Structure formats: structure tokens, C-alpha cells
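Working from the sequences, and respecting the hints, build out all of it.
Protein chains: 2
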Amino acid sequence: MSPSAPLTGAQALVRTLADHGVTACFANPGTSEMHAVTALDGEPRVRSILGLFEGVVTGAADGYARVSGNPAMTLLHLGSGYLNGGANIHNARRARSPMVNVIGDHATYHLGNDAPLTSDIRAMAEPNSKWLRTAAAPEDAGRLAAEAWHASLQAPTGPVSLVLPADVAWLPGASIPERLAAPERTGPDADAVEHAARALRAARNPTLLMTGPALTEPGLRAARRLAGAGVRVLFEFFFPRLQRGAGRYAPERMEYFAERVVQSLDGTDVIVLAEARPPVAFFAYPNQPCELTPDRCEVISLGGPEIDSAESVVQLADALGTTGTDGVPVSELAMPDTPQGELSVQTIGLSIARHLPEGAFVSDEAGTSGGPTWAATASAAPHDWLPLTGGALGQGLPVALGAAIAAPERKGLCLVGDGAAMYTNQALWTMAREGTDIVTVVFVNRSYRILNIELARTGAGAPGPTAQHLLSLSDPPIDFASLARSMGVPSTTATTAEGFDRALAAAFANDGPHLIAAEIA
Amino acid sequence: MSPSAPLTGAQALVRTLADHGVTACFANPGTSEMHAVTALDGEPRVRSILGLFEGVVTGAADGYARVSGNPAMTLLHLGSGYLNGGANIHNARRARSPMVNVIGDHATYHLGNDAPLTSDIRAMAEPNSKWLRTAAAPEDAGRLAAEAWHASLQAPTGPVSLVLPADVAWLPGASIPERLAAPERTGPDADAVEHAARALRAARNPTLLMTGPALTEPGLRAARRLAGAGVRVLFEFFFPRLQRGAGRYAPERMEYFAERVVQSLDGTDVIVLAEARPPVAFFAYPNQPCELTPDRCEVISLGGPEIDSAESVVQLADALGTTGTDGVPVSELAMPDTPQGELSVQTIGLSIARHLPEGAFVSDEAGTSGGPTWAATASAAPHDWLPLTGGALGQGLPVALGAAIAAPERKGLCLVGDGAAMYTNQALWTMAREGTDIVTVVFVNRSYRILNIELARTGAGAPGPTAQHLLSLSDPPIDFASLARSMGVPSTTATTAEGFDRALAAAFANDGPHLIAAEIA
Chain A
1 MSPSAPLTGA QALVRTLADH GVTACFANPG TSEMHAVTAL DGEPRVRSIL
51 GLFEGVVTGA ADGYARVSGN PAMTLLHLGS GYLNGGANIH NARRARSPMV
101 NVIGDHATYH LGNDAPLTSD IRAMAEPNSK WLRTAAAPED AGRLAAEAWH
151 ASLQAPTGPV SLVLPADVAW LPGASIPERL AAPERTGPDA DAVEHAARAL
201 RAARNPTLLM TGPALTEPGL RAARRLAGAG VRVLFEFFFP RLQRGAGRYA
251 PERMEYFAER VVQSLDGTDV IVLAEARPPV AFFAYPNQPC ELTPDRCEVI
301 SLGGPEIDSA ESVVQLADAL GTTGTDGVPV SELAMPDTPQ GELSVQTIGL
351 SIARHLPEGA FVSDEAGTSG GPTWAATASA APHDWLPLTG GALGQGLPVA
401 LGAAIAAPER KGLCLVGDGA AMYTNQALWT MAREGTDIVT VVFVNRSYRI
451 LNIELARTGA GAPGPTAQHL LSLSDPPIDF ASLARSMGVP STTATTAEGF
501 DRALAAAFAN DGPHLIAAEI A
Chain B
1 MSPSAPLTGA QALVRTLADH GVTACFANPG TSEMHAVTAL DGEPRVRSIL
51 GLFEGVVTGA ADGYARVSGN PAMTLLHLGS GYLNGGANIH NARRARSPMV
101 NVIGDHATYH LGNDAPLTSD IRAMAEPNSK WLRTAAAPED AGRLAAEAWH
151 ASLQAPTGPV SLVLPADVAW LPGASIPERL AAPERTGPDA DAVEHAARAL
201 RAARNPTLLM TGPALTEPGL RAARRLAGAG VRVLFEFFFP RLQRGAGRYA
251 PERMEYFAER VVQSLDGTDV IVLAEARPPV AFFAYPNQPC ELTPDRCEVI
301 SLGGPEIDSA ESVVQLADAL GTTGTDGVPV SELAMPDTPQ GELSVQTIGL
351 SIARHLPEGA FVSDEAGTSG GPTWAATASA APHDWLPLTG GALGQGLPVA
401 LGAAIAAPER KGLCLVGDGA AMYTNQALWT MAREGTDIVT VVFVNRSYRI
451 LNIELARTGA GAPGPTAQHL LSLSDPPIDF ASLARSMGVP STTATTAEGF
501 DRALAAAFAN DGPHLIAAEI A
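As you go down the protein sequences, you meet chains A and B in turn.
Just so it is clear: in the first sequence, position 179 is 179 by my numbering, and no numbers are missing.
Just so it is clear: in the second sequence, position 336 is 336 by my numbering, and no numbers are missing.
Derived from the structure by calculation, the hints contain no laboratory data.
This one's a predicted model, so the numbers in the text were calculated from it and none came from an experiment.
We put the beta carbon where it would ideally sit given N, CA and C, even for glycine.
Check the hints yourself; a few may be wrong.
[To be verified] Distance windows between CB atoms, simulated:
#, chain 1, residue 1, chain 2, residue 2, range
1, A, Ala-182, B, Pro-465, 26 to 34 Å
2, A, Arg-502, B, Ile-453, 44 to 52 Å
3, A, Pro-465, B, Glu-259, 50 to 58 Å
Given below as C-alpha cells:
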């Protein structure tokens, strides 16, 4: 394609992103995005996927990035479309997921008329955009698309926003820029590695705390060597992706509740951070600490997200001269028996450990119900774990969707609480439409259970009728199996351990999405 | 209650809002809002209503305000909760609906730790908040709550935001402030009225264009006198609330599409604006005008939202000396026959006109399907019409919910397109839980039909497979009746005119919510 071809701004934007390897556009377009839609029509390299709510769109782009490492494009309708997608952009920012959010806007000359959908898009997008530009003319569209792609992949990777006014989209005069090279993370900081190695050698109770790329196989292998040298290896409670299951070393996950973190780290005299940050509480509580590093504990950072944490951990293991991993086991495949009797979060975990397909990805927003499944699947077939990252509900279903689009050859499992599932239930429709191989397990406990726990922990007092009304999902009971079928996703309601086990085995054996409503209330 | 009682910030906030007449709190709280939840427990004057997604919460507050004229409180969980509710706050801003959004935040001393849910709430809330404060200490909470309430009712009325950090909520030291008086709109601008009266007398083709309070009975009666004097009376296409139906004067609604507005206003030499703004296009289109006032047409404003537009129209009619309304009819009650045959938007309109209960409110987000119902109900029993205001989808169901909470003695009708219904489908659950008398009609055309129209109007070209994929809801077909039942709302699928008519009559005859999936594809 010659740079002098009469491309519109929208065409140049889409083609440039495709040139840079973007293969998916998650979208919910409106009138101001119609030229972007027909530009997508003309770009066979990009698969366009409709979400019926923008939280689905942006959460799917997060899942896509976590599995592929590459940004997807989103197409959002003006400021309100951006706001609808905003919570999952927040979550994606915390996951450090690259993502190019293309936000349509009114034609440049129409903005001053303050038509009903006019809003201050830049102000809205600023807090969750590590890079934010507006294409002021079609001539800018291709270059800014390339820069947006590049910026999303520049450490710290994350969501970027490109505002595309309607007239910039439809006017000719655009061109395709030179292809940019993908930015690379900086290599490990040799001084920091040496400093950390010395501190670890001298420490009585040293800990390595990791997140980011360190949680994939090269980092985990090196971390196992450190464990063999007597270093306790932890990773942050929230992380973008962890490779785990049979054959892999399983470090410890940090505790969630602050008081348990304090207990867990008691006596630690050195903490080395690989992309991780010093531990802090998720929420503040009256009379509880928020900064959870033990007193008199030395904290040494190998570097932030600008450095590949996997390589840092490898070099740290080398610097420590650790070679032995004797006594540090990797997980062994264990096949629990078919669980029997009453359905519970424990039996669900055992069934999932039995049936999880090799190479599956697991999108986890199960909240208080997920612990036993997490524990049981340590010995399941090897898989990738993709948890909630930013704490904003509604991430699990869309992340599973996006992961499936990025890796259609893999099976997906989505673990989601009933409260979280309702936030972005529209994702089920897109799962059906796109024929994604995702088994969704909804933990139906008919409660925002975490809040019933937090109500006590914050000392807010005993819940009266109003508080109970605000934290319960029991009245009316939501029929998740019907909800799924209403959107084209086959489903099962499970009320016994055996029934759940059978439904799960069948769901993984079949193609396409399936939802199991696990009645554990 | 003595000001010296040991109130927490949360208690003072809730009690102060209740003292000022706030009777409802629409909420989706999280850990940082637990003390606000137990404060609501202790305040019987406020009804607390849970929404399973924040777009439901804020849209309901909009509906509550449009029917009652008073702000509801919302309770939102941090920045992500605000973002989820943001699109309907945008819509509420366009409706000029007063609303006090209480946004929980981390404890003040925890913010610097940048825990996962931390975000720049003030930056996010700023664009759609006409007033925005953070309670920095419990001593501020009561006073700021009173000021928030007052600010939301100060012209132009609209949503305000009060950020409540968790420690400010839980710490004692708060007090209840003096009760503030509700702000009142300024009286009409006598000079503007006189100027407009002179211009109307001299004009050949004068038009009055209204919105706001002018669309309630006093304004409509005065507008009818102006019509009797030869003034064409129009109102904006988007408006917060219109009283219409039998016995009421029915002015003309402005056209939606720009080219039709131009055609409609052709030859108009004077436009007098009562709170309305000079007409502009909803979107820009290539080679179409955006500013739609005819050339050489004089435009005179009676004043913006700071002035009561109903009173302005009354004074304008007085100034013009108009007394006669002969020949300007009010709508007469007409009872169409039972429609027969194939179900269509036309037969739906006739059925609704037959069965709409007197005093009903109608929340309208029916998009391209709503025209025939709008036309047919001009002669239905008297009712209030509450349309989409800001163009962001997902307003219709929550507005109906909030209106029903504000006016439980009235029947509600929600008209919603299938695309719009999916945005905030969670509202159905709250309708069931709260026992609201709302009949929802989903126009199931399995398409973002407006976009199929807009694709052509924007000249974006013929839709290829990708564009068709992005604008269609047909695959898989959504079963709205099952969706509703899954959330506890009884439902019917209607495929014939007679079937719809029967279902609608039965739904209005019964208490509680009902959904009719009207298959018109």
C-alpha cells in the first residue's frame, strides 16, 4: 500500500494497527464510529468481536493481552462508552495489559455545539490511560495508531487511549507510517541483583516476592533454585498470569487479608522484590496496619515493570550460585477421586482438579469461593491462572472471553462469583456467538459474601435489616442456568458433588461455551 | 439529635441527607462503604435499594429525580464503581436530574499506598459533577452532605459528587448541620419576555421551543394559549419529562435527524427558547449542517435552566395578551380497537394506547421502534413520558426502576430496545426484589437498527460481513423472556398483535414487574 493512497483516517488507523500485529478488535460502536466499522470491514487481519456492553469489550482486551502479550484494539462510543468500559480498563492497568482503546468522538467542528452525547473524553480517559492522544486530522491517524501500539507495549505496559473524531475518521488524506519495532524491557539491573544476592546470603529469613513475567516458566525455574538455597518464594496475591500445575514449581501466594500477611511475614529480615511492590493492605481497617513490611526488614527491589522480572530472578539465582533444587518439589499430577455428596466449594475444587484440560487458562473472579479450587488445582494438569487484578468486579467473564479469542486452541475455565457474574453477564452472549471453548462455573452463594466478612472486619457493626438487604443476592434467587441459556450458552445447574463432576467433564468434552450454576448456598 | 452526639462521618452524612428530605439510597457498596451501610441501617427515613451494577444505581437515581423532583443518594464503591455508573450520570446531567453521588474511597492515610483499587476518583468524577467535594474529616461530613444536596438542586440542577474516605466514614466527631432551604429557580426575565413577545407579534412564522419544567401542565396550558395566537410550539427531542395524553395540550416534538429538523424549521423567522437551546444535530454527518437554526431566523432566549421555563411561558402568554385557545385542541381519549395479526411496532403502539393506566410513567429507550407508540399514546390516558436524555444506552430500565421507587402508587411502563436492554439488564432483578409495578416491553428486532440506518447516513459505505457482524444481535437470538425470569421477573414472549395485547392487559392488571419480549424482527 502506497502512502499516497487516498486513505481515510479510520482506514489508516485500522491498517496500521494490523500492520503492527493487532489481530482483534473488541467493539461496541455507535454512529460516530461507523467509518471505523467499515474500515474494519476492509481489514481481514483483524477479527472484530461485538460486546453488548463496553465492560465486556475492555475486559476481553485485557484477557487477550494476558494470554498473547499483545494489545487488542477496542472501539468505544464516545465518553459514555469509555465510562462503561472504564472499570475493566482500571483492572487492565493493574494487570499491566497492553490495550489500544480507540474512542470515537463527535466531528471536531461539532464539539462546540454540545450535543447530548458530548463529554470531556480526554478528562475521563486520563486517569487510566498511560498514553492519550487525539487524532486532530486524518494525516495524524496512522502515525498515532503506531505510537499508541508502541506506547501500550512500552514498560510499564498498559492501556492507552486514542480519540478518533468522526470527521478525522471519514476524511481522506491519511497514510500508513513506517512500522515501529516493539519496545523491549530493559535487562536486569546488575547492581540491584548483586545487592540482593548479598542481602539474601546474609539474611536469616529471606523472602523473594514476585509478580509479572517472573510468574512464567523461566522465572519459576529460577525461583525454584532460590528456594533450594533457602529463600522463601512468594508472589503477590493479585497478578496478571501464573503458569502452574503439574511439573511446575509452585511458590506461595501472598495472603489477602492484612493481618494474615503480617503473620505470614513475621520474622522476615530481607524481602527482595521482583517487579512486586512492598506489601500493602487491600483496604484500610480501623486499628490495622496498611503497610505490611515487617519492622527492621530490609527491602531490595530488582526493578519495576520496566525490567523483565523473569530475567532478574534468573540472574539473581545465578549470582547466588544456586544450582540445587533438591528438596524443592515441582507439583505432581494428582487425580482426586470423584467427589461425592453435598456440593461445596471443596468438591468443586476437586472436580476441577480432575478435569482441567492441559494448557487451559483459568479466569478467576470467584472471590471467597475460589480458595479450595486454587489449592486443588496446584496438582492439576499444567495451566495458566488469570485472576482479578484491580479489584473492580466484572473482570472474570470478559477476561475469559478475550483469552479464548487470543488462544482458540486452548480450553478455558471461568470461575466467577454470582455477584461478579452479574456485573458483565453480557459476556456470555459473545462467548456463544464466537463459539469460544469456555466453561464458566458460577459459585452461587446468593451473597456478596466478602462484604459480609468485611462488615465485621471493618468494625462497622452488626448488620441490621438494611445492611442485610444490601449485601444479599438471595431474593429473588438468580437462575444462572436460565440466564446463560437466554444468551445462547448451554448450561447446567449442579446441586450435588457428583452432578457437578459429571457436568464439568461433559462441558470440557464438548466444543463451545457452557455454564454450570453451582448451587452452594 | 444534639450536634454534640458522637456521630461518625457516615452517620452524619446519611442523617443530614434524610433531614433534607432524601428518601432513597440506590447502592452497590464495597468494603470501603461498610460504615455507610450500617449508617443506613440506622436511618429509617431512607429506603436502601441494591443494584447489581452501578449503571442501575445511577440510572435509578435519575428516574427517582425526574418523577419526584428531589435527589436520591447513591452509594458507589470507589473510582471503579463511579465509572460503572458514569454513563447514566452523564444521562442524568443531560436530564438535569439532581442526584447526590456518595463515592467511597480508601482511608485518607491509605491512598498513598496505591492499593489495587486506588484511582483518581476526583479526576474521574469531575466531568459529570456540577459540584465535587471530598470529606477530609468527619467534622466535614454533615455540612458537605447538606451542601451537596443544596448544590444538586441549585439551577442548573444535576448530579453532584461527594467523596467519602473510609476513615472519615468510620471516625466519630461528626455533627448534624443546620437544615438548608431548597434553592429556588429565579423568576422569569421580564426584559427577555417582553423582547420575545414583541418579536412573536412581528413574526410571520414564529416558533416557541421548550424543555424543562415548561413541559409540565402549567407550561403546557400557557403554551396552548400561545398556539392559539399563532405561535408554533415545539419541544426538544430529548427532554427530562413531559406530561401528555388525554386532556393535555400536545405540542410538536422536534425531529431527531438533522435534515428533518432543517426541513421542519424552514421559513421560521423567530424562535423563542424556553430553557431549550438553539437546535443542533445529534451527530455530525458529512456534508450536513450541525447548527440547525434557519438563516436569518431571530433567536430569543427566555433564559436557561436557572429560570423556571414554565413560568416564563406563562408570562410570555400573558405579555402577548393571548387568552383564546379556540381551535387548539387538547388530546382526546381515544381507545383503539384490539390490534390484530402480525406483531409490529404499530400494533404495539395501539395496544399500549389502549391499556396505559392513568397516571403511568413511561420510561422510553425504545430507539427506532418507539415512534408508533409515541404517536398512539398522545390520546392515551394522561401519563408522564421520561425519555433517554443523554444518548448513552442503558438508561431506560434503571429510570423506570427509580421512578417506581419515587412513585410506588403509579404504574410504570418501560419501552426498551433489545440493544439498550442488554446494557443494564441487571435492573430487572431489582425491579423484582422491590416489587415495583413496572411493565417492560422489549422491542426485539435483533439489531442495533439505528446504526444500520446511520451507516448509510454517515456515508460509511455498504456494510460488509464485519460491519453486519458488529451491528446485528441475531446470532445467537437473546430470549428476553427467559432472561427476565432468570432474575425473578415474570415474562411473556409475544409474537402476534393479539398476544401482545392480552399480555399487556394482564401485566398492567397484576401487581409487580412483568416483561414482554415483543418479537418484531
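Right, here's what the structure says about each hint:
1. Ala-182/A to Pro-465/B: 26 to 34 Å: holds, 30 Å
2. Arg-502/A to Ile-453/B: 44 to 52 Å: At roughly 48 Å between Cβ atoms, Ile-453/B and Arg-502/A fall inside 44 to 52 Å, so the hint holds.
3. Pro-465/A to Glu-259/B: 50 to 58 Å: Since Pro-465/A and Glu-259/B have Cβ atoms about 56 Å apart, the given range 50 to 58 Å holds.
Of the numbered hints stated above, none is contradicted by the structure.
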